[in-house]
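*Asks:* The lines below spell out each chain.
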Amino acid sequence: MKIAFASGKGGTGKTTLSVNFALYISATRDVLLTDFDVEEPDSHLFIQGDLTNKIQCYTEIPEVDEALCNGCGKCREVCNFHAITQLGNHTMVFPQLCHSCYACVELCPQGALKMIPEELGMLSEFDADGLKFLEARLKIGKEMAVPLIRQTADHIQEQYSDRFIIIDAPPGTSCPVVETIRFSDFVVLVTEPTPFGLHDLTLAVETVRLMDRPFGVVINKDDGLYNDVVAYCESESIEILARIPHQRAIAELYSQGLTLFDKNPAFLEQMVALESKFKQKALL
Amino acid sequence: MKIAITALEGNSNAKMDARFGRAKFFVIYDQDTKEWSSISNEAAEAAHGAGPLAVQTLADAGVKIVITGNGPGGNAARGLQTAGINVFLNKDDITVQEALDKYLKNELISF
Amino acid sequence: MKEVVVISGKGGTGKTVITSALAYALGQDCVLADCDVDAADMHLIFKPQTQIAEDFYSGEEPEIDAEKCIQCSLCVQKCRFNAIKMAESAIEFDPFACEGCGFCSYICPQGAITMKPRYTGKSFQSEIRTGTTMVHARLLPGGENSGKLVAHTKKVAHKLAEEKNVPYILVDGSPGIGCPVISSLSGANYVLLVTEATQSAFHDLKRVYELIQKFRIPAGCVINKHDLNPALTTNIEDFLHEMDVPLLAKIPYDETVLKAVKSGQAINEFAPKPYAEIIDKIKHRIF
Chain H
1 MKIAFASGKG GTGKTTLSVN FALYISATRD VLLTDFDVEE PDSHLFIQGD
51 LTNKIQCYTE IPEVDEALCN GCGKCREVCN FHAITQLGNH TMVFPQLCHS
101 CYACVELCPQ GALKMIPEEL GMLSEFDADG LKFLEARLKI GKEMAVPLIR
151 QTADHIQEQY SDRFIIIDAP PGTSCPVVET IRFSDFVVLV TEPTPFGLHD
201 LTLAVETVRL MDRPFGVVIN KDDGLYNDVV AYCESESIEI LARIPHQRAI
251 AELYSQGLTL FDKNPAFLEQ MVALESKFKQ KALL
Chain F
1 MKIAITALEG NSNAKMDARF GRAKFFVIYD QDTKEWSSIS NEAAEAAHGA
51 GPLAVQTLAD AGVKIVITGN GPGGNAARGL QTAGINVFLN KDDITVQEAL
101 DKYLKNELIS F
Chain W
1 MKEVVVISGK GGTGKTVITS ALAYALGQDC VLADCDVDAA DMHLIFKPQT
51 QIAEDFYSGE EPEIDAEKCI QCSLCVQKCR FNAIKMAESA IEFDPFACEG
101 CGFCSYICPQ GAITMKPRYT GKSFQSEIRT GTTMVHARLL PGGENSGKLV
151 AHTKKVAHKL AEEKNVPYIL VDGSPGIGCP VISSLSGANY VLLVTEATQS
201 AFHDLKRVYE LIQKFRIPAG CVINKHDLNP ALTTNIEDFL HEMDVPLLAK
251 IPYDETVLKA VKSGQAINEF APKPYAEIID KIKHRIF
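Residue numbers (this note's numbering), protein chains in the order written: chain H, 1 to 284; chain F, 1 to 111; chain W, 1 to 287.
Here chain H stands alone, though its shape is the one from the complex:
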């Protein structure tokens, strides 16, 4: 079973929730926690584990054989991403812009281009007292999150299909999130009870529905004062899975990079609630 913790915007607490929930249930089950926020992975800040394995991930980019190239310019014409320029006799590739579509390679009349591997990022596997943790980190300067997410997903399918999988999704509603949701069986949308939170939640709900995945909502930083999120969920028949209370003590623990489920009873109570909801749904 694969459960993604997602949110329409950053800073709602999806990392806090996914990490703490993973740590909490790993006491009783085999869990894999994974961070798909490959551009800014930060789950590792909260996990103290031993590094057990590192896997280099690659994408493919074109390389030009200058001896075969006659400078016809076909490659740069067909590249919709402007990842190839031709400067005099020199053909230059911009790896960050390349989507590895192969158009330039296959359409070059001289056969002067071929695809070569290019470092994309790194998968790091950790063991934290039985909890497995897999972090995917895009190499600095790389902007293509989706291919790395796909490769991470493939690795999980091969290595961890027997575990309960918790995914810390990237923020937003753009391609990396769509790719994450596509891979998940159930989505937990983390929101906060503010007009911002509600607005971003509605966008996230729209996305998850479009992808046709079951989902529920966790309200974080819940002070019981702003009820529009609850009203929205009721009117849309969306289940609220847990409500994490708004406490300065929780914010302080978080800013120090500390786990919450083992230090704050109110928080723990909500982890227990979430677990029982998952059991009801036969997700656990």
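Errors might be hidden in some of the hints.
Anything over 12 Å on all C-beta distances counts as not near chain H; from chain W, calculated [claimed, not checked]:
(1) 64
(2) 164
(3) 166
(4) 204
According to the in silico footprint, chain H covers these stretches of chain W (three or more CB under 8 Å from chain H) [to be verified]:
(5) 48-56
(6) 136-149
(7) 191-199
(8) 226-234
(9) 260-270
(10) 277-284
Just so you know, the hints here were simulated from the structure itself, not pulled from any lab data.
C-beta: ideal position from N, C-alpha, C; glycine also.
Starting from the known structure of chain H, fit chains F and W onto it as the hints suggest.
*Replies:* Chains F and W alone, transformed into the frame defined by chain H:
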């Protein structure tokens, strides 16, 4: 030698455009013929890779110096370097002609 | 005309809260541009009255002419993104998987595929209660913010500022450090960095600062929720000092901020004491 200046319009009296890749125009001064010309920048409307596309445009036009406001992004900077195009920065809100004058008087900073 | 861009790297630092407060303080003196399109929240504070809405197109997607298609399936084989599938009687295209490379259109032997601009969302010009115009956008799900959309939003803001003789453009910048951020910074005269006293926000601040340094844009910084982690705040202050970035303000963790957001107001509008003074101080150092 050809000197390009990023500009909001296609003439030497136009205000400079501080952007590089998505500049509206490149106004070009040819030091040999003392003539001005301009190119409407196709990259301004590109969804991806505006920087490299703009470099391509300048390289095709035979430009060797470009004067802009905030400097090119990473991709464009690499492309410009490979193309042998030197970049100079002007931070003031001035016209293309004034930017050229400052360059010729050696008053601009190199990127 | 002076363009001021507010960025933070990571989300959730309070960037939009600070930007909206500055916009409130500036009133008619600024045109507001929301380039944080992935989490465009400013309209929740200003409840804009939309005057002009236009469709926005970015990138391309294939259009398959069923009349011409002979279902040879070459496009299906060549697509690296599994975006084209052979269904029972026709070729089907998956817009979520397509990256818009156009390879299919180049190789179709029947010329049945043409690339069309991809509809990605809407761009708006709206009136807000501070007496100015706000330029903003909304993307479809799966739609990605792009340098193009950011450039478009800023272009419209510039045009409006010029027409109405408004001295400032205030931009809520994009998150991260990719293409949209570069497009946000491109053309900026000043950058306001908003960070908070958390490890991840500090980490991002450093990355964003590298970009600004390269572009040589003058910058200042606001540390939000500074009292949540005083030790870390000291580290951030040391970093700013070392980089010669002026610290414009430190704002404490305060429930009032949340209440202001919930009531749909700028913080200096909701709680003039103490925020009018704090925000005015920031304003005077920038504008």
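*Asks:* Cut-off 8 Å, C-beta pairs, minimum 3 residues; does the coverage of the stretch 48-56 of chain W by chain H stand?
*Replies:* It is violated, with 0 qualifying residues against the three required.
*Asks:* Just checking, residue 64 of chain W versus chain H, shortest CB gap more than 12 Å?
*Replies:* holds, 17 Å
*Asks:* Would you say the stretch 226-234 of chain W counts as covered by chain H, given the rule of at least 3 residues with C-beta under 8 Å?
*Replies:* Since three or more residues must qualify, the claim that chain H covers the stretch 226-234 of chain W holds, with 3 doing so at under 8 Å.
*Asks:* Using a Cβ cutoff of 8 Å, are there at least 3 residues of the stretch 277-284 of chain W near chain H, or does the coverage claim fail?
*Replies:* violated (count 0)
*Asks:* Taking the shortest Cβ-to-Cβ distance between residue 166 of chain W and chain H, state whether it exceeds 12 Å.
*Replies:* Non-interface label stands for residue 166 of chain W: nearest chain H Cβ at 27 Å, farther than 12 Å.
*Asks:* Can you confirm whether chain H covers the stretch 260-270 of chain W, using C-beta to C-beta distances below 8 Å and requiring at least three such residues?
*Replies:* holds (count 3)
*Asks:* Please confirm whether residue 204 of chain W is truly not at the interface, meaning its C-beta sits more than 12 Å away from all C-beta atoms of chain H.
*Replies:* Incorrect as stated: the minimum Cβ-Cβ distance to chain H is 7 Å, not above 12 Å.
*Asks:* Per the coverage rule (Cβ-Cβ under 8 Å, at least three residues), is the stretch 191-199 of chain W covered by chain H?
*Replies:* holds (count 3)
*Asks:* May I ask you to check that residue 164 of chain W keeps its beta-carbon over 12 Å from the closest beta-carbon of chain H?
*Replies:* holds, 28 Å
*Asks:* Verify the coverage statement for the stretch 136-149 of chain W against chain H, using a C-beta to C-beta distance below 8 Å and requiring 3 or more qualifying residues.
*Replies:* Per the Cβ count (6), the hint holds.
Checked against the numbered hints listed earlier, the structure breaks hints 4, 5, 10; every other hint is satisfied.
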